[in-house]
Amino acid sequence: MSAAPDIICIGSVLWDVIGRTASHMRAGADVPGRITRLPGGVAMNIAMTLKRFGLSPALLTVIGRDVDGDALVAEAQGMGLICDHIYRSDDLPTDVYMAIEAANGLIAAIADAHSLEAAGDKILRPLSDGRLGTADAPYAGSVALDGNLTEDLLRSIATSPLFARADLRVAPASPGKAERLLALLGHPSATLYVNLEEAGLLCQTHFDDSAKACAALLTRGAHRVLVTDGGRAASEGTAGDVITAHPPSVLVTRVTGAGDTFMAAHIASERQGLDRRAALARALDAAAAYVSGETPL
111 MSAAPDIICI
121 GSVLWDVIGR
131 TASHMRAGAD
141 VPGRITRLPG
151 GVAMNIAMTL
161 KRFGLSPALL
171 TVIGRDVDGD
181 ALVAEAQGMG
191 LICDHIYRSD
201 DLPTDVYMAI
211 EAANGLIAAI
221 ADAHSLEAAG
231 DKILRPLSDG
241 RLGTADAPYA
251 GSVALDGNLT
261 EDLLRSIATS
271 PLFARADLRV
281 APASPGKAER
291 LLALLGHPSA
301 TLYVNLEEAG
311 LLCQTHFDDS
321 AKACAALLTR
331 GAHRVLVTDG
341 GRAASEGTAG
351 DVITAHPPSV
361 LVTRVTGAGD
371 TFMAAHIASE
381 RQGLDRRAAL
391 ARALDAAAAY
401 VSGETPL
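For the record, in the sequence shown the residue sitting at position 109 is 219 according to our numbering, with numbers rising by one throughout.
The hints are simulated quantities; they were obtained by calculation from the structure and are not laboratory data. Keep in mind it's a predicted model, so treat the numbers as computed, not measured. Ideal placement from N, C-alpha and C gives every residue a C-beta, glycine not left out. Among the clues, some could well be false.
Unchecked claim - With a straight-line cut-off of 25 angstroms between C-alpha atoms, the simulated SDA-like cross-links for lysine to any residue are:
(1) Lys322 - Gly340
(2) Lys161 - Arg392
(3) Lys161 - Lys322
(4) Lys161 - Val352
(5) Lys322 - Gly341
(6) Lys232 - Gly164
As the list claims (entries may be wrong) - What follows is a list of derived Cβ distance ranges for each label pair:
(7) Asp385 - Ile220: 16 to 24 angstroms
(8) Ala219 - Ala181: 28 to 36 angstroms
(9) Lys232 - Gln187: 41 to 49 angstroms
(10) Arg386 - Ala181: 21 to 29 angstroms
With the sequences and hints as input, model every part of the structure.
So, in structure tokens, the structure goes:
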């Protein structure tokens, strides 16, 4: 029998191929550094952090029945993540993300998440076939949802009875996919986790700080929202009430996965009973530890 999850993480689970250098880079630069391949993707990053906080997350995603897919599932199982409900495809390859990070930040990234998009609602079958829920008895726990899903699927989720009782936590995969979350702005239980740029894209404007962005998203119909702004103040708002906190100052050594770490730490903190201010502060501390390199990869 499958283990019962504390939370379901829906979205991209793939290999992260990351090149990092201590040098500053510009277009066309060729510098020494290190290249690593690690389990990644928004859903995977969130699940790994939730596990570190003592929760038992289950993954809903697509992974190919290829060598890379077998290795990725083995890595996830080795971390204690619940992989029983992953859709394994015979004809779709395992997705991959490639990024270059330098001393001056993220230089470039390409996300090849075409298999996740092609799989569509097949990854959600456990929520309807009785393994995790049904339309008549929907899953009533926490769900971390990744914006790598297609706009059509996100729109379907926004009105689906399968998510009617869920505590839905949502993050865009990147600024380029932020507008996909417009379908979930009016969802009655959705919490959106976005950065300042993504908040601006959702509101079709520019914000000077996270508090203003947070208030604007609430005005646009968001049930609850958290807005981060790198090393500057982050904000959380619900029912028109916005609170703000400042992250610790740290030396940034990596950026890929920082937002996912923040989101997972915030979810875990609330599940463990912390109040709004304490949960926001703990999430900022966790993200700072991650970007500084103190948190293990």
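Do the hints match the structure? See the list:
1. Straight-line distance between C-alpha atoms of Lys322 and Gly340 comes to about 15 angstroms, which keeps the hinted pair within the 25 angstroms bound.
2. Pair hint Lys161 plus Arg392 holds up; C-alpha atoms about 16 angstroms apart against a cutoff of 25 angstroms.
3. Of the supplied pair hints, the one linking Lys161 and Lys322 is violated, its CA atoms being roughly 33 angstroms apart against a limit of 25 angstroms.
4. At roughly 29 angstroms between alpha-carbon atoms, Lys161 and Val352 are farther apart than 25 angstroms, so this suggested pair is violated.
5. Between Lys322 and Gly341 the alpha-carbon distance is near 17 angstroms, which keeps this suggested pair within the 25 angstroms criterion.
6. At most 25 angstroms may separate the alpha-carbon atoms for a hinted pair to count; Lys232 and Gly164 exceed this at roughly 29 angstroms.
7. Distance hint check: the CB atoms of Asp385 and Ile220 are about 40 angstroms apart, inconsistent with the given range 16 to 24 angstroms.
8. At roughly 22 angstroms, the beta carbons of Ala219 and Ala181 sit outside the given window of 28 to 36 angstroms.
9. Roughly 21 angstroms separates the CB atoms of Lys232 and Gln187, a value that falls outside the hinted 41 to 49 angstroms.
10. At about 40 angstroms, the CB distance of Arg386 to Ala181 disagrees with the hint of 21 to 29 angstroms.
In summary, the structure is inconsistent with hints 3, 4, 6, 7, 8, 9, 10 from the numbered list given earlier, while agreeing with the others.
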